[in-house]
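Participant: Chains as they are written, first to last, in the numbering used here: chain A, 134 to 414; chain B, 602 to 897; chain C, 9 to 296.
A couple of the hints might just be wrong.
[Unchecked claim] Calculated lysine to any residue pairs in the SDA-like style (CA-CA distance at most 20 Å, straight line):
#1 C:K75 x C:Q255
#2 B:K610 x A:D243
#3 C:K40 x A:R136
#4 B:K893 x A:D243
#5 A:K145 x C:K75
#6 A:K229 x B:I613
#7 A:K145 x C:G123
#8 B:K705 x A:L307
[What the hints assert, rightly or not] Chain B residues, not near chain C, derived (Cβ > 10 Å throughout):
#9 L617
#10 S625
#11 L627
#12 V630
#13 G663
#14 R745
#15 S776
#16 E781
#17 L787
#18 L789
#19 D799
#20 V800
#21 L834
#22 Y856
#23 Y865
#24 F886
[To be verified] Each pair of labels, with its calculated beta carbon distance range:
#25 A:Y305 x B:L627: 27 to 35 Å
#26 B:Y707 x C:K283: 52 to 60 Å
#27 C:K183 x B:N895: 54 to 62 Å
#28 B:V641 x A:Y305: 45 to 53 Å
#29 C:N53 x A:R168: 55 to 63 Å
#30 A:K135 x C:I58: 26 to 34 Å
Calculated from the structure, these hints are not laboratory results. Beta carbons are placed, not taken as given, at the ideal position from N, Cα and C, and that holds for glycine.
Chain by chain, the residues:
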Amino acid sequence: MKRAIVIEKVWKLLMYASIALVLFFVVSVVWSVFRRGLPVLSWEMVSSLPGGGFYIGKEGGFLNAIVGSLYIVGGATVLGLLVSIPVVFYLNVYLKPHSVLGSVARIAYDILFGIPSIVYGAFGFTIMIFFGLRTSLLGGIIVVTLLIIPIFIRSMDEVAKTIPQDIMEAGYSLGSTRLETIGVVVRQIAPAIATATLLGIGRAIGDAAGVMFTAGFSDSIPTSLTQQTASLPLSVFFQLSAPQLEVQDRAYAAAVVLTAIVLVLSLSGRFIMNRFSRNKV
Amino acid sequence: MMKNNRLLKDRIAEQLMAVMTISSLLLVVAMAVGLYLKSVPILQEHSLWELLSEGEWRPMAGRFGFFPFLMGTLYVSLLALGIAIPISLLMAIYLTEYAHSAVKRYVFPLLDILAGLPSVIYGVWGMLVIVPWVSDVVAPSLRRDSSGYTVLATGVVLGVTVIPLLVSLFIEIFSNVGRESREAALSLGATRWQTTMDVVLRQTAPGVIAAVVLAASRTLGETIAVIMVCGNLAIVPSSLLDACYPIPALIANNYGEMLSLPLYESALMFAAFILFFVVLGFNLFSRLVLRKMNNR
Amino acid sequence: MSIAISIPQIFSAGVIHRVPWTVHIPFVVDRKFPRLEDTRLTTRNLNISIGNSHILKDVNVEIPQNKITCIIGPSGCGKTTLLRTFNRFVDSIEGVRIDGEVNLGKQDIVSAGAGEMSELRRNIGLVPQRPCPLPMSIYDNIAYGCRIHGVRGKRKLDLVVQHYLEAVGLWEEVKDRLHTPASKLSGGQQQRLCLARSLAVEPSYLLADESTSALDPISSRTVEDLFVKLKRDYSIVMVTHTLRQAQRIADYVIFMYLGEVIEQGDAKEVFGNPKHELTRKYLSGGIS
C-alpha cells in the first residue's frame, strides 16, 4: 500500500517538473528574444525604411515590414470574416443539426486548419502562376485569407453551436425568416467573433512560409496590390541570415516587435474570453 | 408582395451561403488536384519509389532523391514528439486531475502565449538558446564537435512548438471522462495516480493516440523554425548531432531557384504534395477519432 | 450449506466467519484483508461549508451496525454531502471546509492522509448513483480493487471474482464472457457488477447514493433485495429520494432538513410516530 503512495509522489514530482519546464520554455523564448532585441530596438528602426539596399544597408529600419504585415493581415482579416461569418451562419441556421453537409464541412475545416502554411504557400504559388500573377501583396493577402478562414470558422462555430434553439424560435415565432435572425446570431457570437479575429490575426501576422511564396519581399512600402511587399516574420528570417551585425540587429529588433504584438493579441484574447464567460454565467 | 420579397431574399442568401460553404470545402480538393498536377512531370520522369528511396539530390543534374529529406523529417518529428508527449501528458494530467482552479488561471495564459508565438520567433529562440546549448554543452560532453544546427536542436524547438496543442487536446479529452468513473476507482481505495492510469488514460486511449497523431502532423509541416536550426544539409542524419533537412525546409529554401528548371519546380511541388497527403491522412484520422470521443 | 460454514472456521482458527447467503461452495479466499475491530461510524459536531454557504450544521449521527440506514430529506438538504463525507469525496469540491469529527472506529476520517485514505475507502465502499463500470473486462472490474490492495495470484483472484459475482447473482449470467468489456452489460447488470466490485475489497460499510434511481423498476428491485440480504454482513448507508423505498427497506432513518439532522431513529419509530413537526410534514408530502 505504501508503494502506491510513493509511486504517486514520484509522478506528482514529475508533473511539477513538466510544468516548471514549460514555464522555463515560455520565459526562455520571450526573455532571449527581448534580451537580444530590445537594446538594439529604436524609434528609428520602427519608423524608417531600410537604407541603401536590404542586405548591405547599415542604416534604417523595418517600417516596410511593419506596414507590409499590417496590409496583409488587415486585408486577410476583412476578407476572411466576410467569408467565414456567412459560412458559420449557414452551418448553424440553415442546415439541420445533423446534416451530412454540415459534418463534412466541419471535418474539412478541421483538416484545413491542420494543413501547414508551407503547403498553402506552395498551392497559392501554383494558382498564381496559373493565373499569370506575380508575387505581390494581393497574392499574400489571398493565401493568408485561405489560411485563417478555417481558424475563424472553427472558433466561431464552436460558440454558434451552443446558441439555444429557443432564441432562434423566438425569432421565427414573430415571423422572421432565417436570414433575419442573423442579427440575433451575430449578437450571440460577438465575443467569439472578437476572439476568433484576434486568434486569426495572431496566426496571420506570424505566418512566414505562406507569404514567402506569394508576397515576396521588398524594401519599400507597396503602393498597389500588384507590388511585392515585406512582412515582419520574413524580415526577421531574411535579415538574420545576413553577415553584417547591423542587419542582424534589425532582425532581432523586428522579432521583439513581432513578439510584443503577438503577446498582446493572445493575452487580450484570453481576457475577452474570460469576460465573456463571466457574463454568460 | 412585401412578404415574397423577404422570402426571396432568404432564398437567395441561402443559395449564396451554400455556394460559399461548398467552395471553401472544395479548397481541400483543389489543393490535392493542383499539387498533384504540378507533380505529374517529375512522376513521369522518375518512378515514385525511385524518388522516395534515392539518396542523391542534385537538381541541376536531374537527380531528385528525397530520401535524406524524408529521413530528416522523420527523425526530427519523432524526437519532437518524444520530447513533447511526456511533458504534455504529465502537464495535462496535473491540470485535470490535481490542480486547483487557481493554478489553472495562471497556467492557461502561459499555454496561450506558447501557442500564439509565431514559428519565426521559435526559430530565433532556437538560434539564440538551443543551438549554442547543443554546440557548447551537449556536443563537448559527448566529445563531439558540432555547429549546433542539428537534429537535436530541431527536435527540441519543434517539440516545444507542439506542447500547447498537445496539452489543450489532452485536457479536452480528459475532461470528457465522467466524475463517476473516477470515483468508481477512488472508492475502492485507488490513489489519484492509479485512477488516472487505470480509468482516465485507459478510457481515453484512442483520443490520446489521435491527439498525438495530430501533433505529429503539426511537426511535419513546421517550416521557418525548422529552417533556422536544422542545418540544411541533404544527408541522412546518423546521430542526433548531425545536421538534417526536413521537407518543408527544402521547399521553402529553394522556391526562388526552382523556376529555373521545370522539373525542379515539379519536384518541389511533389514534395509539397507528399506533405499535404500525409498531413491530410493524419488529420482525417485523428479528427474522426476525436469527434467520436467527444460526442460520446 | 453446513460445509460452507465449517471450512472457513478451520481456516480462521476458530473465529466464526460469516458467509454471504448465496455461497454454496466453500469459500477459502475471503478475509484477504485485516478486518477492523471497531467499525463504528460516527460524526461529532460535523460542520461543512463550501465558500460562504453552510451545507452541514452540527451533524451528530452514529450509523448502526448491520442495518440499512436511509438518509432522507428534501433535495439540497445535505444528504449526499453527508454521505460523501464518510469516504471523503467532499474533498473534490473546491473551497470546501470540514469542521468537527468523523470517525471510523478509532480512526479520524477528516484528517486522514493519502495512505490512510486508501485503506479507509477500502473499508467504506460506494455504490454509485449511475452504473459505472471501470473501462476494463468484467473479470478485471472485480479483481481491480483486490489487485490495488496487493492481492495477487490468478487462482486466488478467480475464486474472488466468482464468489462476488455469485453474491450479486451475476455469475450465471456472465460466467461465459468474463473477459468481455463490462460496458457491454445492461444497466441493471452493470449496477450489480459495481456492487460486487465494492464487496470484493471487503468493506465494512456500503454507501449508496440513490443507487437505484437510474435503473428500471425491475432491476431496481433486484438491487434493493440485494441490499436487504447484504445487511447480514455489511452496514449500509443509503441516500434516497423515494420515500417509498426508504419505507420498504430502512431499519434506521436519518431525516435532514437544510443541513441539519432533524430526527433520527428506528425506521418504525420515525415513520410510524414522527416526533418533529418537520418530519411529519415531510412524510405527508408537505415539503419536497
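Participant: Hint by hint, say whether it matches the structure.
Facilitator: Now for the hints, and whether the structure bears them out:
The straight-line distance between the Cα atoms of C:K75 and C:Q255 is roughly 14 Å, inside the 20 Å bound, and the hint therefore holds. At roughly 31 Å between alpha-carbon atoms, B:K610 and A:D243 are farther apart than 20 Å, so this suggested pair is violated. Taking the CA atoms of C:K40 and A:R136, the gap is about 18 Å. The hint holds against a cut of 20 Å. Using a Cα cut-off of 20 Å, the hinted pair B:K893 and A:D243 holds, with the two alpha carbons roughly 14 Å apart.
With a C-alpha separation of about 40 Å, the suggested pairing of A:K145 with C:K75 is violated against the 20 Å cut-off. The straight-line distance between the Cα atoms of A:K229 and B:I613 is roughly 18 Å, inside the 20 Å bound, and the hint therefore holds. Annotation: proposed proximity of A:K145 to C:G123 holds, straight-line Cα distance about 15 Å (limit 20 Å). Between B:K705 and A:L307 the CA atoms are separated by roughly 44 Å; this puts the pair beyond 20 Å, and the hint is violated.
Distance check on B:L617: its Cβ is at least 46 Å (rounded) from any Cβ of chain C, clearing the 10 Å threshold; non-interface status holds. Non-interface call for B:S625 relative to chain C: holds, since the shortest CB-CB distance, roughly 38 Å, exceeds 10 Å. For B:L627, the condition that its CB be more than 10 Å from all CB atoms of chain C holds, with the nearest at approximately 40 Å. No beta-carbon of chain C is positioned within 10 Å of the beta-carbon of B:V630; the least distance is around 39 Å.
In this structure B:G663 is separated from chain C by more than 10 Å, as the shortest Cβ-Cβ distance comes to about 56 Å. Interface exclusion of B:R745 from chain C stands, the closest Cβ pair being 45 Å apart, more than 10 Å. For B:S776, the condition that its CB be more than 10 Å from all CB atoms of chain C holds, with the nearest at approximately 14 Å. Separation of B:E781 from chain C is inadequate, the least Cβ-Cβ distance of about 4 Å not exceeding the 10 Å criterion.
Remark: the non-interface label on B:L787 conflicts with the geometry, its nearest Cβ contact in chain C lying 7 Å away (cut-off 10 Å). Non-interface call for B:L789 relative to chain C: violated, since the shortest CB-CB distance, roughly 4 Å, does not exceed 10 Å. For B:D799, the shortest C-beta to C-beta distance to chain C comes to about 7 Å, within the 10 Å cut-off, and the non-interface label is violated. With a cut of 10 Å on Cβ distances, B:V800 falls inside the contact zone with chain C, its closest approach being about 6 Å.
Every Cβ of chain C is farther than 10 Å from the Cβ of B:L834; the closest lies at roughly 47 Å, confirming the non-interface assignment. Non-interface status of B:Y856 relative to chain C is upheld: no Cβ of that chain comes within 10 Å, the nearest being about 49 Å off. Every C-beta of chain C lies more than 10 Å from that of B:Y865, the closest at about 53 Å, which supports listing it as non-interface. Listed as a non-interface residue, B:F886 keeps its Cβ farther than 10 Å from every Cβ of chain C; the least gap is roughly 22 Å.
A beta carbon spacing of about 31 Å between A:Y305 and B:L627 agrees with the range 27 to 35 Å that was offered as a hint. At about 53 Å, the CB distance of B:Y707 to C:K283 agrees with the hint of 52 to 60 Å. At about 36 Å, the beta-carbon gap between C:K183 and B:N895 misses the expected band of 54 to 62 Å. Separation of B:V641 from A:Y305 is about 52 Å and conforms to the stated range, judged on CB atoms against 45 to 53 Å.
A C-beta distance of roughly 58 Å is found between C:N53 and A:R168, which places it inside the suggested range of 55 to 63 Å. A hinted range of 26 to 34 Å holds for the C-beta pair A:K135 and C:I58, which are about 32 Å apart.
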